[in-house]
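K.L.:
Each chain, written out:
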Amino acid sequence: MDLTDKEYVERCRDGHQEDFSLLVDRYQKPLFSYLAARVGNFAQAEEAAQESFVRAFLSLKKLRKPESFYSWLLGIAGRVAKEQFRSEVRHREIHEAAEAMNATAAGQPDEYPLEEAIAVLPENHRQVILLRYYEGLSCQEVATRLAMPLGTVTKTLSRAFLLLRQDLQARERAEQTVNLIEQP
Amino acid sequence: MNCAECRDNFIACAEGLLDRREELQCKAHLETCAHCQAEYGELARLQQNLIARGQAAAGVSLVQTVMRRVHREQFTPERETIMSKLFKYRWGWGLGTAAGAAAILAVILLTTPKAQARALEVMAKGAQAVAKLTSIHLRGQVRSAPQDNFSAIMPECDFVTIELWKQLEPALKWRVDKPGRTAVMDGQSTLLFVKPDFGYKVPQASPSGFDTQWLHEIANLSQTLESEINSIKSRGWPVTLTQEQGADGKSKSVISVEAKSGLGADDYLHNQFFSTADTRRDYVFDNQSELLESVKFYLHSASGDQLVFTLDQIDCNPPIDPAVFQLQLPANVSMGGPMQMLPDNEKYAAMTSEQAARALFEACGREDWTEAAKFFNPLPDNVKQYLGGLQVISIGTHFSASNGAELVPYEIKLKNGEVKKYNLSLKRDRNTSRWFFDGGI
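Residue numbers (my numbering), protein chains in the order written: chain A, 237 to 420; chain B, 1173 to 1613.
Everything labelled a hint here was simulated from the structure, so no lab data went into it. Fair warning: this is a prediction, and the values are worked out from it, not measured in the lab. Be aware that one or more of the hints could be misleading.
[Unchecked claim] Label pairs and their calculated CB-CB ranges:
1) 1613(B) x 295(A): 31 to 41 Å
2) 251(A) x 1475(B): 40 to 50 Å
3) 360(A) x 1485(B): 44 to 54 Å
4) 1478(B) x 377(A): 17 to 27 Å
Glycine residues also receive a C-beta, built at the ideal position from the N, C-alpha and C atoms.
Excised from the complex, chain A in its bound form:
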């Protein structure tokens, strides 16, 4: 039986550190996807994802809301991606780095908020999205895994999509507002 993020975090803090592998297993794919969209390179995304998990583990005691583990992990991953990028800049010619930055920014302008939006979904909604799309299970398999009726799974997924849509639209509006303010 799968535990909630909060339960896994609490078990890790209580000394069951092997349970951290279950959190890695749960979030490795969306985290990788989030980082791949940010850094535009699968090898770097994988490296950054590893580093993010390790840092998360080492800082687990500092996590104030264990139920928000995934949001917190994305925050760490964002910082790791920035550090990785800065490190790249240091090792490349300035113009190459600028090109890479532009390419990354232009190539994936609206991709990575998706994982951020997933992170703020209620846990039961997030769980079905992750299992259905990142683990590649069918709705029936998700139902079996979570011991839920199939109809509950499809309804939860439908509601999760509507919540995701609302969140992404809100982010888009906020982005447009920022752009308007920043324009001279």
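Please build the complex by placing chain B on the supplied structure of chain A, with the hints as guidance.
P.N.:
Below, chain B alone, put in the same frame as chain A:
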């Protein structure tokens, strides 16, 4: 159906999971409600996006790597950057401090993407170092039942010792041992002995046999390493490299390869045998000699990763006592051999695997061991005791396994009342074209 009900059914509708009546109601609503129609279109776009992202991340497998790093970090009392270390010891560097910094630097360098190239280099050098073997001896542990098949992985079992001796020159000879089973090829014939009283002899010198192929492949160390290198390059198998200090105080390179069998989790043979398992394989090389020193296989399964095989001793070119390849069987052993043509062979050769399964079980039910032996020869006494007097409840339709066998689902009631539901593995004999028992009881 109103808007809220329709939206609750978006996914079920998109994936064809509604019953006919609900589907018609949902579609009728979508045709008349522009708002829901727009939402449904957006959902499809978002769904495609999620599917693409899930597919891009499908091969990601970080659990082992992260947990290895986590374990390593736990033994580091304070997490320090190289720069902080340098500043901390700025005025008092000794050799020890410098060495410590160098060790940390090595770990950091080896976690970059360049680690893959370095890992391949270590493996290539390891392969080169054992390219010309005249003999080899391997000793390790495998999770398996002592008497069972050499290649079967049984995660629920304790470890048993498995050992291989192989002479490559002047003539090929080999022997593989488990506590309850031995296979020997003495240069003339190939013999299997299942303790205490079952033997099977093939009058040919086989390069491997009786499900020992996977171990022979590992024993061909240079080819194994080259094959891993090819899979890493061509199939994108993830590889990591870490540096460790061995029990002998020497530095070691540990290369972890995530090997994929290519079989789906629903494949009957998935994770049952070494050749059909998804595993993480850890190869430990001595940095000075560049030789492979040990191997560990971890089985990936839904319930987690489990160590299932270790090679702790790898002796290259050892002298092997010729007596190793001679096996004296006890007098009470029932010997089997190649299948012989029967007077009515055509009748059996014309059977489907389902018909053969039924014929075998019905013969066991009647305790007609002569008939049963046409599919299962010789029949050990313990099998006769187990299957004698059984009743066939059902025989299903076969499915094919990747090893060439046909697996026939069956349900039988044993004379002790136990109902057994499993798959009988049958293969066709090349010479007689008859089906023979290959496992599954």
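K.L.:
So which of the earlier hints does this model not fit?
P.N.:
1 and 2
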